[in-house]
Amino acid sequence: MVLLENDSFLTELTQLFQKCRTSGSVVITLKKYDGRTKPAPRKGHTESFEPADNKCLIRASDGKKKISTVVSTKEVIKFQMAYSNLLRAHMDGLKKKDKKSKSKKTKATQ
Amino acid sequence: MPYYQTWEEFARAAEKLYLTDPMKVRVVLKYRHCDGNLCVKVTDNAACLQYKTDQAQDVKKIEKLHGKLMRLMVSKETHSGSMEMD
Numbered sequence: 001m002v003l004l005e006n007d008s009f010l011t012e013l014t015q016l017f018q019k020c021r022t023s024g025s026v027v028i029t030l031k032k033y034d035g036r037t038k039p040a041p042r043k044g045h046t047e048s049f050e051p052a053d054n055k056c057l058i059r060a061s062d063g064k065k066k067i068s069t070v071v072s073t074k075e076v077i078k079f080q081m082a083y084s085n086l087l088r089a090h091m092d093g094l095k096k097k098d099k100k101s102k103s104k105k106t107k108a109t110q
Numbered sequence: 001m002p003y004y005q006t007w008e009e010f011a012r013a014a015e016k017l018y019l020t021d022p023m024k025v026r027v028v029l030k031y032r033h034c035d036g037n038l039c040v041k042v043t044d045n046a047a048c049l050q051y052k053t054d055q056a057q058d059v060k061k062i063e064k065l066h067g068k069l070m071r072l073m074v075s076k077e078t079h080s081g082s083m084e085m086d
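Residue numbers (our numbering), protein chains in the order written: chain F, 1 to 110; chain D, 1 to 86.
Here are the simulated lysine-lysine pairs, BS3-like style, with alpha carbons at most 27 angstroms apart:
id : chain 1 : residue 1 : chain 2 : residue 2
1  : F       : K31       : D       : K52
2  : F       : K66       : F       : K55
3  : D       : K61       : F       : K19
4  : F       : K78       : D       : K41
Think of the hints as simulated: they come from the structure by calculation, not from any bench.
With the rest of the complex left out, here is chain D (with noise of 0.2 angstroms):
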């Protein structure tokens, strides 16, 4: 499982795998106060993304990745399945 080296990467791979398969992926986050670091896993239970750090500057990161997700997660997918007609 490979840990990613440059946020970049992460989430631009991140968004990649969650666009592939909105139902099957789920983003994990875990924070150690009492360690100082913070983890993020992308999965979709096939490919696993990781990026772990101790960088308070990536905490904005991540937060705005989740929110990002959070609200694809929400919107009505225009592609893939719709059932709705135009």
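Next up, chain F with everything else stripped away, as it sits in the complex (with noise of 0.2 angstroms):
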């Protein structure tokens, strides 16, 4: 799992998008990170550790390559929007909605 800083992130997003476009499928994960390193201490040990509770973990992935970053307060306002760019230019392979259907397969000529 590479961990990466916000810009590289979505640099590696954007082509993970591209490599997927003929088969397989980008999942991308978002979750709330409290900024710890270790793992959790086994009983008998006390967290000397102070939990942040500023920060995100994205993750991404296309079954092979893996990539992460962390997001914090400061960052997430320019990260959002170049992400939410990133989703909307890259996810339009979707159907479009229109009453009128332009498809040729439905040629409604009689």
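Work from the hints to combine the two standalone chains into their complex.
Laid out in structure tokens, this is it:
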């Protein structure tokens, strides 16, 4: 799992989308993150760690390659804008709903 | 694991689930360009809410929900166990 900076993550995510255009899926996971870098201590040890409250973890994968990034409050505005644009730009293979069917398959000529 | 039929219900349930326990909830988004569909899942490992779509109009809604939850996650919680003194 590669942990990247926000910008690198967005670049890599773009590449993931481009790679998966012909086959495969892109899976993106979003989770709140409290900044812990060590696994939870077993009983007996006191947790000497201050949980941070202002971060989230974003992971992406195409099934083979895995990337991730941590976004905090300061970066979220910029990241969210770029991220939204990215999603909207790449998730364009879905059906568009129009009342007048323009597709060639459904020709209503009799 | 139920797939919601309407986006409205899914979005409301997802936000509600997140607010009950922010640390436990994760949002998973799966996009398949070759099949032309998009699945969203919100779970806290006990409850699981899913929404599936192949409509372009839902992309914007899903992306907005993603952004909303992202902002909720990075904002400091004012209720539930805050250490700051007002």
